[in-house]
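Protein chains: 2
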Amino acid sequence: MHTQTLKLRTPYLIFLGEEARPTYAKTGKGIADWRPELCVGQLRLSDDALDLKLADMPVAAAAEAGVGSLIVGTALVGGSIPEHWLDTLCSAAAAGIDIVAGLHTRLDSIAVLRDAAAAGHSRLIDVRIPPKNLPVASGKKRSGKRLLTVGTDCALGKKYTALQLERDMRSAGYSVDFRASGQTGIMIAGTGIPIDCVVADFISGAAEMLSPDNDPEHWDVIEGQGSIYHPGYAAVSHGLLIGSQADAFVTCHAAGRTHIEGWEDYLLPSIGEVIERTIAIGSLTNPGIRCVGISVNTRSIAHENREDYLAQLSAKYGLPCVDPMIDGTSAIIHQLP
Amino acid sequence: MHTQTLKLRTPYLIFLGEEARPTYAKTGKGIADWRPELCVGQLRLSDDALDLKLADMPVAAAAEAGVGSLIVGTALVGGSIPEHWLDTLCSAAAAGIDIVAGLHTRLDSIAVLRDAAAAGHSRLIDVRIPPKNLPVASGKKRSGKRLLTVGTDCALGKKYTALQLERDMRSAGYSVDFRASGQTGIMIAGTGIPIDCVVADFISGAAEMLSPDNDPEHWDVIEGQGSIYHPGYAAVSHGLLIGSQADAFVTCHAAGRTHIEGWEDYLLPSIGEVIERTIAIGSLTNPGIRCVGISVNTRSIAHENREDYLAQLSAKYGLPCVDPMIDGTSAIIHQLP
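Chains A and B are the protein sequences, given in the same order. Last residue of the first sequence: 337 (our numbering), numbering continuous. Last residue of the second sequence: 674 (our numbering), numbering continuous.
Check each hint, because a few of them may be wrong.
A partial selection of chain A residues facing chain B, derived with a Cβ cut-off under 10 Å [unchecked claim]:
| id | residue |
| --- | --- |
| 1 | 139 |
| 2 | 195 |
| 3 | 228 |
| 4 | 229 |
| 5 | 232 |
| 6 | 265 |
Listed next, the stretches of chain B that the computed footprint assigns to chain A, with coverage defined by at least 3 CB atoms under 8 Å from CB atoms of chain A [to be verified]:
| id | segment |
| --- | --- |
| 7 | 357–364 |
| 8 | 540–547 |
| 9 | 558–572 |
Keep in mind that the hints were calculated from the coordinates and are not lab data. Note that this is a predicted model, so its numbers are computed, not measured. All residues carry an ideal CB built from backbone N, CA and C; glycine is no exception.
Make the full structure from the sequences, and use the hints.
As structure tokens, this is what we get:
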């Protein structure tokens, strides 16, 4: 049985519809922020739509410019595709441009879009669909080095921490790859596995595939998911941790958060509890696992208190502690084994 | 969104094909052993096939006897359905009998079988397919009590321990239900969720559905899966543990096993390690979780050494320690909170 990992065609045209709210266009913004070299333009259906400071480009111009994929860069409540987008998406597909989305409605469930893609020999790619024929994890040691971002909760910066680590490690001369485990991350990296969409038996097997054998000095920086203390998503976090065989991990936290977001009966675990449990579980497949730093989203902290807050955490845990979006991650990189 | 849990129609006709080897007919044997009152007959395609000591019954007699489901009680290597079985299966489906299987080949992928089921208004039920629209786990406390069987490895008696506990608890006057989380268990119970086939995000949510709110004194005895120390399947075990909100658990072990079966690089965890880690993880959703006993498959131990072996384990951990197939589970039941 052959397992094919997703690989997006570059360069990208970011489709924003008429979405004006940054929160709902964060996928598009994330791609433009982290992979500007892959983005040749944006396609907006209204002048009020968010401007990612990319060239506005209609489908014909994008096809001419050799765009490989049109990426739907918005996330809608409900996650379906508005009827009035279909003209644009169909003309792109018919022009040979792959259509990429991670919405609840599957692209290939829309007949006119299927027809357009068939006519244009383009692909309809749903980044929420994992590859077929994933293996059960073997637990066998792989060559190369791995860092995983873990967290005290969901949605507090595991993806952006991993991306900043990749950027800073590359600048510092490391051979390094960001490995995406969620849909936005996959669109940014152009490849990856949506780990939370994998069937239970194969979660750790998918994690093994996500960071395959590599050169001994090469680092994979793996995007974490959920939290091992999350009452809804802990199984995903456990499976990803065990399959990743991480040599190092960075613990991510949002300053001021006191409860699991959306599960208000559950107190947030402490950073120390997450570190201790991550080492306990991760030791199964990599006895050398250790925490190399703490990454905190400090948005909720007054500017003048930020440094004190980070310094106190750093002293408490004996680890570098940074807001990666403000401080970068050099202090953490110095701790790598 | 409505989520429908599988419910098999009774009584059963156990189909054995020409399978003579007990190991490969263990699903059929399990149903006959644990739910004899639901089995009206067996259907064998050869006189050499395993005899479950049920009445031999061709399809016409089974239909006349009001059989609800024909259950394919064998597991074949590769997991497909032999061509020459199809006449029998089709005639049962056409006679209004549901066909139930848990093989790799899906029943509804076979055109002649689909046609026969349509003609007979019967169902083709694949117990490996979980219900649709499973929720993410809420972590909210449910009423009633729950016991989960956990293990040092796969395939060492978690299902049979749970079934023996159900049987003994019922004899002792408890209100109790066995809750099946795997395909053979589902066929025995007539209902359940194949937890290892659920998409990652919904593992703990499926576990919550599996043992819903109940009377305060009612016990669900939940069939465990895998092991939290298993390099391949730990994520399933974690998610099931967290969603089960177990008040009590029984730790299952196979005497003499030294390594994870099929993962020979991995030493088996000790019973003590499994108890400690199960409490640590299970405390997230039920701080009162505790181990109430140890269940050991003692097949590999000489008869004269069996009692000493169990007594030593019992003394070491301060818990009752039984081989449930020989000793029953009363000693464990006395420990229930």
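Could you tell me which of the hints above the structure violates, numbers in ascending order? 7
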